[in-house]
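Novice: In case you want the letters, here they are:
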Amino acid sequence: MVDTSIIAGGWLAAGLTIFIFSFLYRDNPFFKIAEHLYLGAGMGWLFQVSVNSVWIPKIWEPVSKGELLVIIPSVMGLTLLTQFIPKLSWMSRYGFTFMMGYGSGLAIPAGLSTDFMSQIAGTIKPFSLLASLSAMDIFNALLVAGGAICVLFYFFFSVEHKGHLKKVSNVGIYFLMVYFGAAFGNTVMARFSLLYGRFDDLFTFSGSNYFYATQVVLACMVLYFLLHGFFSGKKEDAAGEEAA
Amino acid sequence: MIKHKAALALFLSLSAPALLFAAKPAPEVKKAAATPAAINGLTAVDMPYDAGNAAILKWPVDPAVAADAFYVVYASSLQSGGWVEADRFAAPAKTGKDIELPFWAWDGSVLEHAVKVELNNLFGESGKDAVFQFRVAAEKNKQVLAESRAVSVTPAGNWFRLDRLNNLVLLIALIVIFFWAVSHAKRKGLFIRRIAGLDAIDEAIGRATEMGKPIFYVPGIGSMSSISTIASAFILGEVSKKVAQYDSQIKVPHFDPVVMTVCKEVVKQSYLEAGRPDSYREDVNQFISADQFSYAASVDGMISREKPAACFYMGHFMAESLLLAEVGATSGAIQIAGTDVEHQLPFFFTACDYTLIGEELYAAGAYLSKEPMLLSALKVQDFGKLFVMLSVFFGMILVALGARFRWDSFVPAILNLFQNY
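Residue numbers (this note's numbering), protein chains in the order written: chain A, 1 to 244; chain B, 1 to 421.
What the hints contain is simulated information worked out from the structure, not anything from laboratory work. Hints are supplied without guarantee of correctness; some may be wrong.
Derived DSSO-like pairs: lysine-lysine, alpha-carbon spacing no greater than 30 Å straight-line [claimed, not checked]:
no., chain 1, residue 1, chain 2, residue 2
1, B, K370, A, K167
2, A, K166, B, K251
3, A, K162, B, K264
4, B, K264, A, K87
5, A, K234, B, K242
6, B, K264, A, K235
7, B, K307, B, K268
8, B, K307, A, K32
9, B, K242, B, K307
10, A, K32, B, K251
11, A, K125, B, K213
12, B, K213, B, K186
13, B, K264, B, K242
Here chain B is said to cover these stretches of chain A; the calculated rule only asks that three of the stretch's residues, wherever they fall, bring their Cβ under 8 Å from a Cβ of chain B [stated by the list, open to error]:
no., region
14, 43 to 51
15, 119 to 129
16, 158 to 166
17, 174 to 185
Just so you know, even glycine gets a beta-carbon here, dropped at the ideal spot from N, CA and C.
With the hints as extra help, turn the sequences into a complete structure.
Specialist: Here it is in structure tokens:
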């Protein structure tokens, strides 16, 4: 015998999944319920994460132990909230400026290393092993290098792309499209695996041990849409007759 | 007397072999044979240009050590004992040339072994003045052939990463070019080629104005430190300026409260610049949720109910990209998207009318506003791309020539120039 709370959880999961999927048909009150519930639950979850993973371990506990230095970044973070008080909103600039400066300092050297240096080194490195490369490997290395140059040229904004330059740019687009096609297929496969997961759950909740939760919720929703369609159609007809 | 001497001689001659045999210290002979030779010249130095959590051990290459033997490096964080195996490698391997530092920061030789030991991997985080002991043994078939004396070192962090000098030089070059571009842009202006997706912005806003429906501008789920979000904020400025001029409506649903605060200022400023500060409403920017899929579900609901005439998706997007763009497409809105998240771009291609690919998003702000600072930043990006293109082209040729004609020190030097340390 399955526990009552598990059965209730199954009904809730099946119901919310079908409510969200119902958006594929059209916007409806069930989707709105699920949407707002999701929004509220998401914010509630993030709030407790902020309290339990940031506020308590990063601020409360160090201050309780006498590590008062953490007050400085905490105050700087709190200045961001002064945006809501027009007279004090100037204070938020300090917090924002620090965040932007810190972010830039962290991102620029890392970007230079990965976007520039590693890109170049990775592209030319295969040619250092020329003696041990097969004809196919050499072709591969040339293809990668040529592709990198053409794709970069597509994003070169300082010259007009016409004549021979247009051809180089077009080759870059072909390389991009090949990549995008591969990325699309890859991501769609991943999304399908998520969809299978939801269907698997709906199948599980359709069993007699869950009192046919999936079928009942689905039947109720279909009934709602039929009745809604019937009555809204009648209303429209009445409105049309009145207008006539 | 003679009889006694003869008996003594007989006794000695009979017992001598036994005494000799008894006196022969068999284990001592064995011990003498198993005493390992010494590995001379072992030195331990602090790993240069690091955070102070690694050391380098060096000792001369010994041709007498068999090629099928192994060197085993032991390390300890204690004064005595506590040895742990830090590394094990075939005797001919790991010379000074194998240390991953560029030629301007490290002069490695093939005549000496050099081994980098990551101390934090072995002993965790250590104190500032922690002393570490090292010794090296040469082993073959689990028998110690040679062993060094213990040496010690105190690792220290370095303020300057000389190994990253190539990055610094490139950064300085980019800064110089940026300032040159700023002065040039202010004096003569800078050319940017036409970007098709951006020309459609006017069309989209005009359509929304004619239809009397709102425009949705979705800045994505990136934080304010994300480059695409910063680019999105610039584009939002230009879009909202045009919206203010046409007296249309714009709605900007937000995922990140910091981004919302910045965007509020941007939109307010745009309305001011357009001469319509009275048209600005505080609810243009709305905070929705900081949870990815609740945000997507809520924005989807808003789009499907309000049926906007135009949707802009500019910034950092992940799995919600298709969820948003698909709903926008079914609601009949003209859609313009732009992101630098390359694996989400295909979804925008399929569901949107125009898509800005990666760098085009960064260029959009400059293209629309013609601001000298933004144009200069774009020029610096173009310089970076030109640098990469030329480096790949000439680097490829030089490295191939070096490999073909066996210029042994030239090829590693070229690779060092572009290595990420």
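Novice: Each hint should be assessed against the structure and marked as holding or not.
Specialist: How the hints compare with the structure:
For a cut-off of 30 Å, the pair hint linking K370(B) to K167(A) stands: about 28 Å separates their Cα positions. Among the hinted pairs, K166(A) with K251(B) is inconsistent with the structure: their alpha-carbon atoms are about 38 Å apart, more than 30 Å. A C-alpha spacing of about 40 Å is found between K162(A) and K264(B), which places the hinted pair above 30 Å, so the restraint is violated. Annotation: proposed proximity of K264(B) to K87(A) holds, straight-line Cα distance about 16 Å (limit 30 Å).
Between the alpha carbons of K234(A) and K242(B) the distance comes to roughly 44 Å, so the proposed pair goes past 30 Å and is violated. In summary, the hint linking K264(B) to K235(A) is not supported, as the alpha carbons are separated by about 43 Å, beyond the 30 Å threshold. The straight-line distance between the Cα atoms of K307(B) and K268(B) is roughly 24 Å, inside the 30 Å bound, and the hint therefore holds. With a C-alpha separation of about 16 Å, the suggested pair K307(B) and K32(A) falls inside the 30 Å cut-off, and the hint holds.
For the hint linking K242(B) to K307(B), the alpha-carbon distance of about 20 Å falls within 30 Å, and the restraint holds. For the proposed pair K32(A) and K251(B), the alpha carbon gap of about 20 Å is at most 30 Å, so the pair holds. In summary, the hint linking K125(A) to K213(B) is not supported, as the alpha carbons are separated by about 55 Å, beyond the 30 Å threshold. Restraint check for K213(B) and K186(B): the C-alpha separation of about 38 Å exceeds 30 Å, so the hint is violated.
Restraint check for K264(B) and K242(B): satisfied, since their Cα atoms lie roughly 16 Å apart, inside the 30 Å limit. Only residues whose C-beta sits within less than 8 Å of a C-beta in chain B count toward coverage, and the region 43 to 51 of chain A has 3 of them, enough to reach three; the restraint holds. For the region 119 to 129 of chain A, the stated coverage by chain B holds: 9 residues have a C-beta nearer than 8 Å to a C-beta of that chain, and at least 3 were required. Restraint check on the region 158 to 166 of chain A versus chain B: 4 residues with Cβ-Cβ distances below 8 Å, three needed, restraint holds.
Check result for the region 174 to 185 of chain A against chain B: holds, 6 residues qualifying (beta carbon to beta carbon below 8 Å, three or more required).
Of the numbered hints listed earlier, those contradicted by the structure are 2, 3, 5, 6, 11 and 12.
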